Amino acid sequence: MSFDSYRRKPVARAFQYHARLILISIQALNLYPESQ
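Using the working numbering, you'd call the opening residue of the sequence shown number 1 and step up by one each time.
If you're looking for bench data, these hints aren't it; they were derived computationally from the structure. There may be inaccurate statements among the hints.
As the list claims (entries may be wrong) - DEER-style ranges, computed between Cβ atoms:
hint, residue 1, residue 2, range
1, Arg8, Glu34, 37 to 43 Å
2, Leu31, Pro10, 30 to 36 Å
3, Ala28, Arg8, 28 to 34 Å
Computed from a prediction, not measured in an experiment: that's the story for all the values here. We treat Cβ as the ideally placed atom computed from N, Cα and C, and that holds for glycine.
Could you build all of it, start to finish, from the sequences and the hints given here?
Have a look at this one:
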């Protein structure tokens, strides 16, 4: 299985989507620290 064929799979696409949500949540935590 080549890497290009794996990139077209919905699983890889969903993984990129969840990774993007995790990065956004981390940035949100950095903007609003618990030390308020």
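For each hint, the structure was consulted:
no.	hint	in the structure
1	Arg8 with Glu34: 37 to 43 Å	40 Å, holds
2	Leu31 with Pro10: 30 to 36 Å	31 Å, holds
3	Ala28 with Arg8: 28 to 34 Å	31 Å, holds
Consistency note: the structure conflicts with none of the earlier hints.
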